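Position one of the sequence shown corresponds to residue 1 (full-length UniProt numbering), numbered consecutively onward.
No lab work stands behind these hints, which were simulated from the structure alone.
Given the structure is predicted, the values throughout are model-derived calculations rather than measurements.
The beta carbon of each residue, even a glycine, is placed where N, CA and C say it ideally should be.
Possibly wrong hints are sitting among the right ones.
Said to hold, decoys possible - Within a straight-line C-alpha distance of at most 27 Å, the following computed DSSO-like cross-link-like pairs (lysine-lysine) qualify:
1. Lys171 - Lys6
2. Lys206 - Lys14
3. Lys171 - Lys48
4. Lys13 - Lys84
5. Lys207 - Lys84
6. Lys48 - Lys207
7. Lys14 - Lys145
8. Lys145 - Lys84
9. Lys171 - Lys13
10. Lys48 - Lys206
11. Lys145 - Lys48
12. Lys171 - Lys84
13. Lys14 - Lys138
14. Lys145 - Lys206
15. Lys138 - Lys207
16. Lys138 - Lys6
17. Lys48 - Lys138
18. Lys14 - Lys171
Stated by the list, open to error - Have a look at the derived ranges for each label pair, beta carbon to beta carbon:
19. Glu45 - Lys6: 45 to 55 Å
20. Glu178 - Ile78: 17 to 27 Å
21. Lys13 - Thr63: 29 to 39 Å
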Amino acid sequence: MGILFKTYRNLDKKEQIFWNLAIVRAVYGILCTVIGIWSFFIDSELEKDIVFGTTPTSYFALTATVGFFCFECLAVSISDIVYKRFSILLNIHHWISLVGFSILLIEDSSHYFGTRGLLLEMSTPFSAVCWIFLKAGKADTLFWKVNQFLLVHSFHLRSVVECSIWYVTYKHWNIIWETMPVAFFVCLYTQLTLVTFWMTPYWTYKKTVQMITPVDWNFEDVKTKTKTS
1 MGILFKTYRN
11 LDKKEQIFWN
21 LAIVRAVYGI
31 LCTVIGIWSF
41 FIDSELEKDI
51 VFGTTPTSYF
61 ALTATVGFFC
71 FECLAVSISD
81 IVYKRFSILL
91 NIHHWISLVG
101 FSILLIEDSS
111 HYFGTRGLLL
121 EMSTPFSAVC
131 WIFLKAGKAD
141 TLFWKVNQFL
151 LVHSFHLRSV
161 VECSIWYVTY
171 KHWNIIWETM
181 PVAFFVCLYT
191 QLTLVTFWMT
201 PYWTYKKTVQ
211 MITPVDWNFE
221 DVKTKTKTS
């Protein structure tokens with residue numbers, strides 16, 4: 001559908017790929033937000049057994065998540081190889097997520113943590129809108145500024161979600177330590193540590209700066225080439 005827009009047609013080839021990925025991520029982010037809200041405020045079954053509790057909704061959401069990260073890891077890897085670009089944070093986040101959610105389904109456990117963790121993707125739709133409107137030259141519009149404001153605060157809410165998972169871990173440490181499959185335990189707390197103390201703070205900072213000074217850090221090299229050509 002991007003080809004219907006003049007902005008998309010005028011983009012560099014790798015920016016067009018990023019546009020397409022942004023749309024896919026936004027759709028997935030909306031699904032994750034809905035499932036995450038359901039997990040926190042509606043579901044009561046998973047809370048009864050935080051290690052081995054499952055529901056049809058959690059199976060659907062987590063299976064879709066594994067499919068998304070299979071696609072995402074493949075797309076990002078091919079893009080990195082072809083265009084000689086490499087995002088350390090993005091690759092670490094996606095590969096650990098793919099491994100972790102795959103183990104979760106194979107071991108048939110920890111759907112409680114999996115579904116709640118999906119709420120961390122709440123920032124993705126706002127990120128997609130931010131980038132697309134930035135490329136369309138609409139960074140000076142009220143809509144973009146409101147979206148960017150919501151994007152920054154979605155990262156603040158990510159920190160709340162992360163802290164809530166740490167609290168649940170503290171509260172139920174004995175059962176988690178004794179019964180959670182080791183492979184998923186390692187993936188879960190490696191990822192949780194990284195997002196809590198590195199990824200979320202860094203992305204919050206970058207998006208706050210971007211709200212004040214609209215810049216596309218993803219393709220600064222494209223801008224440089226355009227200026228010099």
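Status of each hint after checking the structure:
no., hint, result
1, Lys171 - Lys6, "53 Å, violated"
2, Lys206 - Lys14, "22 Å, holds"
3, Lys171 - Lys48, "14 Å, holds"
4, Lys13 - Lys84, "14 Å, holds"
5, Lys207 - Lys84, "24 Å, holds"
6, Lys48 - Lys207, "37 Å, violated"
7, Lys14 - Lys145, "26 Å, holds"
8, Lys145 - Lys84, "32 Å, violated"
9, Lys171 - Lys13, "49 Å, violated"
10, Lys48 - Lys206, "38 Å, violated"
11, Lys145 - Lys48, "42 Å, violated"
12, Lys171 - Lys84, "45 Å, violated"
13, Lys14 - Lys138, "20 Å, holds"
14, Lys145 - Lys206, "15 Å, holds"
15, Lys138 - Lys207, "16 Å, holds"
16, Lys138 - Lys6, "14 Å, holds"
17, Lys48 - Lys138, "48 Å, violated"
18, Lys14 - Lys171, "46 Å, violated"
19, Glu45 - Lys6: 45 to 55 Å, "49 Å, holds"
20, Glu178 - Ile78: 17 to 27 Å, "42 Å, violated"
21, Lys13 - Thr63: 29 to 39 Å, "32 Å, holds"
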